[in-house]
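Student: In case you want the letters, here they are:
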Amino acid sequence: ACGGPELTKTADGRTALRVGIIPTIDAAPLYLGVSEGIFAKHGLDVTVHVADSGAALIPATVKQENQIGYANVISDFQAAEQGLDIKLVHNCCGSGADPAKDVSQVLVKPDGPIRTVGDLAHANIAVNSLHNIGEVSIKMALEKRGVDVSGIRFTPMPFSDMNDALKRGDVDAIWQVEPNVQAALAAGFTPLISNFVEARPEATLGYYLTSGAFAKQNPQVVQAFSDAMDEANRFATEHPDKAREAVVTNLRFNPEIVSTANLPTYPQGLDRASAAEYATYAVKYGAIEKAPDLDGLF
Amino acid sequence: MTAVHTARPTRPGWLLAAGTVVVLLVLEEVLTRTGVLPADYFPPVSQIVAALLPELAGAPLWLQLGQTLQGWFVALVLATALAVPLGLLLGTVWWARALTRPVVEFLRPVPSVALIPLVVLALGTGKQSELFLATFAAFWQLLVATTAGAGAVDQVTAEAARCYGLTRAQTLRWVALPSALPYLMTGIRVASATSLILVVTAEIIIGVPGLGAQISLNRAGGSPDLMYAYIIVTGLLGWLINTALAAGERRVLHWDAANRGPR
Amino acid sequence: MNRRVLSALLGVVGAVATVAIWWLATENSASVYFPPLSRILETAQEHWLSAEGRADIASSIGNLLSGLVIGVVVGIVVGVALGQVPLLHRALSPSIEFVRAIPATALLPFAMMLFGLGTEMKVFLIALGCVWPVLLNALDGTRSLEPTLRDTASVYGITGVRRQLNVVLPAAAPRIASGIRVAIPLSLILTVTSEMVGSHQGIGFVIVDAQNTFRITDMWSGVLLLGVLGFALTWLFGVAEKLLLPWEKRAERAR
Amino acid sequence: MLEVTNIAKEFPTRTGTTRVVDDVTFTVGEREFFTIVGPSGAGKTTVLRCLTGLAKPTEGTVRFNGKKIVGPPPEFAVVFQDYARSLMAWFTVRRNVELPLRNLGLSAAERRERVDTALAQVGLSAAGSKYPWQLSGGMQQRVAIARAIAYRPQVLIMDEPFASVDAQTRADLEDLLLRVRDETDLALVFVTHDVDEAVYLSDRVAILSRSPSRIDEIVPIDLPAQRDQIGTKELPEFARLRAHVFSRIRAMVNTEPASAH
Amino acid sequence: MLEVTNIAKEFPTRTGTTRVVDDVTFTVGEREFFTIVGPSGAGKTTVLRCLTGLAKPTEGTVRFNGKKIVGPPPEFAVVFQDYARSLMAWFTVRRNVELPLRNLGLSAAERRERVDTALAQVGLSAAGSKYPWQLSGGMQQRVAIARAIAYRPQVLIMDEPFASVDAQTRADLEDLLLRVRDETDLALVFVTHDVDEAVYLSDRVAILSRSPSRIDEIVPIDLPAQRDQIGTKELPEFARLRAHVFSRIRAMVNTEPASAH
Ligand SMILES: Nc1ncnc2c1ncn2[C@@H]1O[C@H](COP(=O)(O)OP(=O)(O)OP(=O)(O)O)[C@@H](O)[C@H]1O
Ligand SMILES: Nc1ncnc2c1ncn2[C@@H]1O[C@H](COP(=O)(O)OP(=O)(O)OP(=O)(O)O)[C@@H](O)[C@H]1O
Ligand SMILES: [Mg+2]
Ligand SMILES: [Mg+2]
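Read top to bottom, the protein sequences are chains A, B, C, D and E.
Read in order, the letters of the first sequence are residues 8 to 305 in the working numbering.
Read in order, the letters of the second sequence are residues 71 to 333 in the working numbering.
Read in order, the letters of the third sequence are residues -8 to 246 in the working numbering.
Read in order, the letters of the fourth sequence are residues 5 to 265 in the working numbering.
Read in order, the letters of the fifth sequence are residues 5 to 265 in the working numbering.
Next up, chain A with everything else stripped away, as it sits in the complex (with noise of 0.2 Å):
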């Protein structure tokens, strides 16, 4: 299982590396790497890869199609608690500290059965994905406001869904992340946590990861990697008007509805101690079974 594919390099000598990443705001930065030059500053080509879901993404990472792929903290989690090789390479995007300028939300109806934080002790959370940050990062928000958690209950479907499920009553309450809150304000539907902030203030919620045994061939590609995404994440921090414009172009966003979206945070290097504090809770919550070796991960 060594070897893996060899990597190729352009006519002036930059690394070619591909990035697989899911459609969302996180992948902003990336897009901007490329667009501005940063990735070429760093001797890299990189192309893009966009997946629907993690379940193609992981699997591609590790047989090193995509030499460096994307997946949230818990995800990662799971995927080393299976035994996958993977090697986290850097920060994607992260919670901030506003929880005004909270990508994430959990929502309600107005005139629904719960309206305040306190009832969501007993409601059907509508999340995308069951085990997963969604859950874990709601449960965490809601402990820290002193509410028991242990009678909620999670109903998965894609987010674009979870309007409709809202409005009919099929749900109680639904977590939403841009700009899909957008378009669940528009509905008229009330926030009521925004749960990544409340459950931890500046925390990395995904990472850029690579295989362990990429990451052992090429550590100088994987270093120029992640110094080009210290400058990326730096850039769209600084340029959130073209990190807007970034997924605009490259992903066919609404304008409309990117323009009013909350960005999430770009943060800069490789955040351990988010993780170790996620670990703890998804342990807790079920969402793994026992304590990720960090020092494996990182």
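If you're looking for bench data, these hints aren't it; they were derived computationally from the structure.
It cannot be assumed that every hint is accurate.
Keeping only pairs whose Cα atoms sit at most 20 Å apart, straight-line, the calculated EDC-like set for lysine to aspartate or glutamate is [to be verified]:
| # | chain 1 | residue 1 | chain 2 | residue 2 |
| --- | --- | --- | --- | --- |
| 1 | E | K237 | D | E14 |
| 2 | C | K233 | B | D224 |
| 3 | D | K237 | E | D198 |
| 4 | E | K134 | D | E238 |
| 5 | D | K134 | E | E14 |
| 6 | E | K72 | E | E7 |
| 7 | D | K237 | E | D200 |
| 8 | A | K151 | A | D92 |
| 9 | A | K48 | A | D234 |
Starting from the structure of chain A, add chains B, C, D and E with the ligands where the hints point.
Tutor: Same frame as chain A, but now just chains B, C, D and E with the ligands:
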């Protein structure tokens, strides 16, 4: 084999079909406009068409369409090329059928969705994964159709072939295959839709370029109009493909009772 | 007689051989995605035989059977009708082909809109997927009804329901049966699809959840279960077919 | 009762149409036994199909009791030349014979009785619970005949109904037809290749020319109404009629060279 | 050449088995024209099926040139009673006739020539490019005959091959068979219901009893080898043989009451 006098849809037939479609579209428009169907998830046709029109002018849509069409075609051809010989064999050789039956029945219900991570790991995120998934799904449907068809050879016809010393290969080609054709052609139309659906699904989930990738992007990007526009393009593609297949079928099966014309 | 026993024996041989090959090929596998069959079987035993697992199976099978039965019945009725009324066939065929080409996953929101998140939505999706192979086979089988039989029916005034039950359906039965054979595994696959959204239970839910959390062995155990169910359902259908269409097989064996 | 007026029938072909029946006119009266003979491929089956309304004549009309025929009238029964394919493989012999009776508003007992009688009449009482594919060719043909007889139609149309039965059974069935006609006031339109049979059974014999066919001649059979296998066939008039019909057919088969058809 | 020794055939039924053929023994020599007659349902088709290896006799053996027959030998050609189903609806008449010739190592030109000749011999030259279902019953039957003749088998097995053709064509085809036999040293096993035909054509006629059947009698036909439709049939010996065979069959049909079968 050339077509003789086949029952081609006549002009009124086309008008009728088009008319029905128009009625259904108008119905949808009215239902969404009046709020019987929720318009924000299910946009009225006019809105979808408005979103679709600019796409039609641009090259990207046609490129994506081409990608999807190519995937569909290759997968269907592959599945047919694999399933038809095997199906004829299984339909005519009872012990081969008996030997493989549990395995075949076991593999058929394996959902392609579950296979996606494995396929990506083995084949990557390129076209080949899409082709594998679509071929896999279409293959079983064609296999069942061909096996059933080959088993439905008229007994007297089969005996005539035996009496005149046709070899096994000749019997397969000239007796079992034509007898199985009516089943097979139906199977192809079923499998064609399956192949298209799997190609689009693979595009959605793995991100292989094509109509599916656009559906996925527009869903994530908060543009239900465009998402539906692409779904509609997919549906139209399915309809076009079927129309072509049905026309081909009338030529290939011109001798079948269904196409013999008035008596 | 003899051949039937031999057939069953050969089937067992084929199955055993396949299991053996699978077992040997994966026994020393270290790949997370292709775990050893022994591990899969262990996991399967642990989960599917537990109370929770049995509840998953029960809920899926309930939906599956309802969806399959609805799909088959609607497919036969509509297919047989379209097969005999060319005008109807022509009018509806573009719309039908359009819907047929849309992936079940893309229809999920529509199904949710109509039925909410409950069982009805799942049954609807399963039925909608299963209907096509049955419908097309019933349609084509009806269209190529032996002309002499058609004539016989009209001469003796065998019309209406009597004609459908006594002439058209039996004549199209072999084709319809082949459509149902395609629909059975499809119903299993669609059960998985339908449980991707809004579910807390079911075989599909277990598979998808395992996939999302990278518990690939659990996922394989679900796939294994689907295979076993598919085999069982097809076998049951085979038995039913022999009872319902006795002339088919006997006509062959008689010679 | 049954009037066939100037019917013609064309079939579409690759290059246009072939005219199979050119111009055929005849009438069949009440209780009449009307037989059509003619060379193989002449168009006899085609004429019968037009007669029953199963096929639409390209030109001309068929009327039954003054009403134009567009589909098979309920008063008709037909024995098809392709008898094997006209039986339902999924039903037993009994069920096959009984099926058409279901529309006649008969009680179950009456249906059973009719089926039993008809099967006995064709010598198949013991085969009732068999399936058609378990029968010999001749037995299948007799099932088709039994089905038609049990139906008790006003007009019975038969296309070479005795092609597959042995000579003795054939004679028995011929006499059965005559008896049934006398008992139930049936009209018969009959196609056969056996000239003896045609003359023996019929009131009139129509000779069809080769395709595109016309009526070559309609021969009235002036034999005593009460027919009898031995007596009737010994009559000199029988021999004369037989020879006449036979020579007409022979003339037609031979005038055009075999290869020209 | 062809030896049938004590064959019996049973079919499974719901309650057990029915014995359809009880005990049949005969041999067919080189160039012999051997005919089997018997009442409808006697088991003639069943015997032919065993003869060709299409069915396995429950008891007894069939040998061809000393070798036990297990499947249809390539030297055999068969015209089935159910001729319509033996033709392939998806091939034209030409293709149907030509298909069996492909394994004989003939050039395309030779094949074409054989097909042309055979079609001309049965009077279907003009129908070569039609499909079987576009033909009349009698024409379909002649296609099946043409296919068998074009194949030039050593043994030609025919099950009521002239049931659906008119009398004149029938006579022509009868003479064609005799001619082909003389030209190609063919042996024929023939089933017919027409006693005249049986006597006219055959070297020997075997009479089968009712099912479960045995050979009732094998009648040698001592007529001059050179047969002729008019001359031969006028011979007193012909009339005698004909009457003899006919009376045997009649006796069999009548001994058991019709309803008992
Ligand atoms: N569907 C068809 N398409 C084209 N030609 C046809 C079709 N059906 C019949 N014919 C032609 O019509 C002619 C007459 O056929 P028909 O079956 O009426 O003859 P027939 O007198 O009943 O002959 P037979 O005594 O052999 O049964 C034939 O030459 C046949 O080829
Ligand atoms: N598959 C079968 N199962 C049961 N019985 C059968 C089967 N096939 C034939 N028989 C019976 O065998 C007997 C002889 O049939 P066969 O077809 O040999 O008769 P035949 O002499 O050719 O008659 P015909 O002159 O009417 O064609 C019949 O009584 C028939 O019912
Ligand atoms: Mg005819
Ligand atoms: Mg027979």
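Student: Against each hint, give a clear statement of whether it holds in the structure.
Tutor: Cross-check of the supplied hints:
1. E:K237 with D:E14: Violated: K237 of chain E and E14 of chain D sit about 41 Å apart, past 20 Å.
2. C:K233 with B:D224: holds, 19 Å
3. D:K237 with E:D198: holds, 17 Å
4. E:K134 with D:E238: violated, 44 Å
5. D:K134 with E:E14: holds, 15 Å
6. E:K72 with E:E7: Given pair K72 of chain E, E7 of chain E holds - Cα atoms ~9 Å apart, limit 20 Å.
7. D:K237 with E:D200: holds, 16 Å
8. A:K151 with A:D92: violated, 33 Å
9. A:K48 with A:D234: holds, 10 Å
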